[in-house]
Amino acid sequence: MVGQMYKPIFFRKFGDYFTIYIYYIMKQLLMLLTLLIPVVILAQVSPAKLKEHYKKVQQSREKNKVVTSLDTIFVGGTPYALMIEDESSVLWVKNYMIYGLDGTDLIFISNDSYDKPNPAMTSTNGIEKVSYRIFKFLESEEECEIRWTIGLDLDEVIAKNNLIKDNGINQEAAHKFVIKNGKKFSEEKSRITMTVSTNGGNVGNQYANHYGNGYANGTNVNVNINTNGNKNAPAPASSNAVLVERNRSAHLYVFGNKLQQDLKDIGFANEKTELANGKSYKVITFSLPDGTVIAEAKGESFNSKTMIVTTISDHKRHTITYDFVNKQIENLAQYLIDHYYL
0 MVGQMYKPIF
10 FRKFGDYFTI
20 YIYYIMKQLL
30 MLLTLLIPVV
40 ILAQVSPAKL
50 KEHYKKVQQS
60 REKNKVVTSL
70 DTIFVGGTPY
80 ALMIEDESSV
90 LWVKNYMIYG
100 LDGTDLIFIS
110 NDSYDKPNPA
120 MTSTNGIEKV
130 SYRIFKFLES
140 EEECEIRWTI
150 GLDLDEVIAK
160 NNLIKDNGIN
170 QEAAHKFVIK
180 NGKKFSEEKS
190 RITMTVSTNG
200 GNVGNQYANH
210 YGNGYANGTN
220 VNVNINTNGN
230 KNAPAPASSN
240 AVLVERNRSA
250 HLYVFGNKLQ
260 QDLKDIGFAN
270 EKTELANGKS
280 YKVITFSLPD
290 GTVIAEAKGE
300 SFNSKTMIVT
310 TISDHKRHTI
320 TYDFVNKQIE
330 NLAQYLIDHY
340 YL
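Under numbering that gives the first Met the number 0, the first residue of the sequence shown is numbered 0, with each subsequent residue one higher.
Calculated directly from the structure, the hints in this document are not laboratory data.
C-beta atoms are modelled at their ideal positions from N, C-alpha and C, and glycine is treated no differently.
Do not rely on the hints blindly, as some may be mistaken.
As the list claims (entries may be wrong) - Here are the simulated DSSO-like pairs of lysine-lysine, each with C-alpha atoms no more than 30 Å apart in a straight line:
1. Lys128 <-> Lys62
2. Lys278 <-> Lys326
3. Lys115 <-> Lys64
4. Lys64 <-> Lys93
5. Lys159 <-> Lys183
6. Lys183 <-> Lys93
7. Lys263 <-> Lys304
8. Lys135 <-> Lys64
9. Lys281 <-> Lys179
10. Lys159 <-> Lys257
11. Lys278 <-> Lys304
12. Lys271 <-> Lys183
13. Lys55 <-> Lys159
14. Lys93 <-> Lys62
15. Lys278 <-> Lys263
What the hints assert, rightly or not - If you anchor each label on the Cβ, the simulated ranges turn out as follows:
16. Lys54 <-> Asn246: 21 to 31 Å
17. Gly181 <-> Asp152: 17 to 27 Å
18. Val253 <-> Gly150: 38 to 48 Å
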């Protein structure tokens with residue numbers, strides 16, 4: 000204290016400024032480190048991205064907004080959860096895994112779409128593209144769907160519905176979210192226009208009833224959507240076919256040649272081209288995970304809307320015609336699932 004009193008005033012002031020400067024630098028570094036998530040390796044993040052990240056989080060804090068930066072959802076500038084693109088994403092179609100800040104698996108968000116006849120959509124020949132997001136809560140296995148539109152931010156949906164609390168699912172809020180939104184889009188998709196006949200009959204049925212009443216040969220039939228607990232569900236089509244146990248009403252996903260339902264691999268669909276009598280045929284072979292072939296679908300061209308499906312266990316031929324060629328494998332696989340071949 001005595002020594003400090005006799006220091007020249009210049010050195011005393013310089014020491015004070017230097018101390019304040021060091022304190023400011025340390026404070027800024029500490030703030031920056033608290034904003035960066037643990038999983039980010041700093042060496043892999045460019046200075047420009049770090050600067051952009053810092054700006055986004057500052058805006059989140061100042062305007063009490065929901066933002067996502069460096070795979071982290073921030074609410075009011077505070078880290079809320081991790082949102083990381085899942086490896087199942089395809090091109091511009093993104094699926095996401097939502098984690099707690101401690102890495103706990105919480106929600107899987109996927110997407111799907113279908114074409115819906117709508118006479119008002121004259122610019123697209125009367126077809127409306129319906130896209131939707133599927134929320135799968137991993138602990139409770141509850142699912143629901145929301146319509147996807149341009150400008151819909153998943154981070155805001157998660158935060159504003161208070162789906163996450165203390166690095167886990169807010170069960171009360173999540174259950175309310177599921178009840179409120181339901182699964183109306185996949186239910187409508189299951190009623191997509193198709194004509195189905197068994198053993199050669201050719202019939203049409205616009206928007207089939209959700210639950211069918213049988214499969215009489217050559218007569219009009221509805222697509223039967225069998226859900227868990229349905230006492231009228233038919234027995235597996237083949238005693239030799241060991242079908243994967245799962246929730247059969249869960250959404251079906253196609254990843255390459257792999258078929259998944261209820262987060263389980265249920266089989267494969269392999270495409271090939273065959274030449275016969277001067278014609279080119281598209282052939283899709285459906286098999287179980289153990290390699291057992293259960294069905295073969297054949298069409299006269301690559302873009303054929305009509306496929307002849309031969310089921311191996313009962314040697315039946317099913318003529319299936321869709322109004323739309325897109326997602327053909329998914330629609331054929333769903334037909335096999337609904338009829339307990341897959």
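Hint check results:
1. Between the alpha carbons of Lys128 and Lys62 the distance comes to roughly 35 Å, so the proposed pair goes past 30 Å and is violated.
2. A threshold of 30 Å between alpha carbons decides the hint, and for Lys278 with Lys326 the separation of about 23 Å falls inside it, so the pair holds.
3. Restraint check: the Cα-Cα separation between Lys115 and Lys64 comes to about 35 Å, which exceeds 30 Å; the hinted pair is violated.
4. Under the criterion of a C-alpha separation no larger than 30 Å, the hint pairing Lys64 with Lys93 is consistent with the structure, at around 23 Å.
5. A C-alpha spacing of about 22 Å is found between Lys159 and Lys183, which places the hinted pair at or below 30 Å, so the restraint holds.
6. Of the pairs offered as hints, the one joining Lys183 and Lys93 holds, with about 21 Å between alpha carbons and a cut-off of 30 Å not exceeded.
7. Among the hinted pairs, Lys263 with Lys304 is consistent with the structure: their alpha-carbon atoms are about 29 Å apart, no more than 30 Å.
8. Among the hinted pairs, Lys135 with Lys64 is consistent with the structure: their alpha-carbon atoms are about 25 Å apart, no more than 30 Å.
9. Under the criterion of a C-alpha separation no larger than 30 Å, the hint pairing Lys281 with Lys179 is inconsistent with the structure, at around 42 Å.
10. Distance restraint check for Lys159 and Lys257: the Cα-Cα separation of roughly 35 Å exceeds the 30 Å cut-off, and the hinted pair is therefore not satisfied.
11. Annotation: proposed proximity of Lys278 to Lys304 holds, straight-line Cα distance about 16 Å (limit 30 Å).
12. Our distance criterion of 30 Å between C-alpha atoms is broken by Lys271 and Lys183, whose separation comes to about 35 Å.
13. The suggested pairing of Lys55 with Lys159 holds, with an alpha-carbon distance near 18 Å, which does not exceed 30 Å.
14. Straight-line distance between C-alpha atoms of Lys93 and Lys62 comes to about 28 Å, which keeps the hinted pair within the 30 Å bound.
15. Distance hint between Lys278 and Lys263 is unfulfilled; the C-alpha atoms sit about 37 Å from each other, more than 30 Å.
16. Remark: the range hint 21 to 31 Å for Lys54 to Asn246 is contradicted by a beta-carbon distance near 44 Å.
17. Look at Gly181 against Asp152: about 21 Å separates their beta carbons, and that is inside 17 to 27 Å.
18. Taken as a hint, the range 38 to 48 Å is violated for the pair Val253 and Gly150, whose Cβ atoms sit roughly 28 Å apart.
Checked against the numbered hints above, the structure violates hints 1, 3, 9, 10, 12, 15, 16, 18; every other hint is satisfied.
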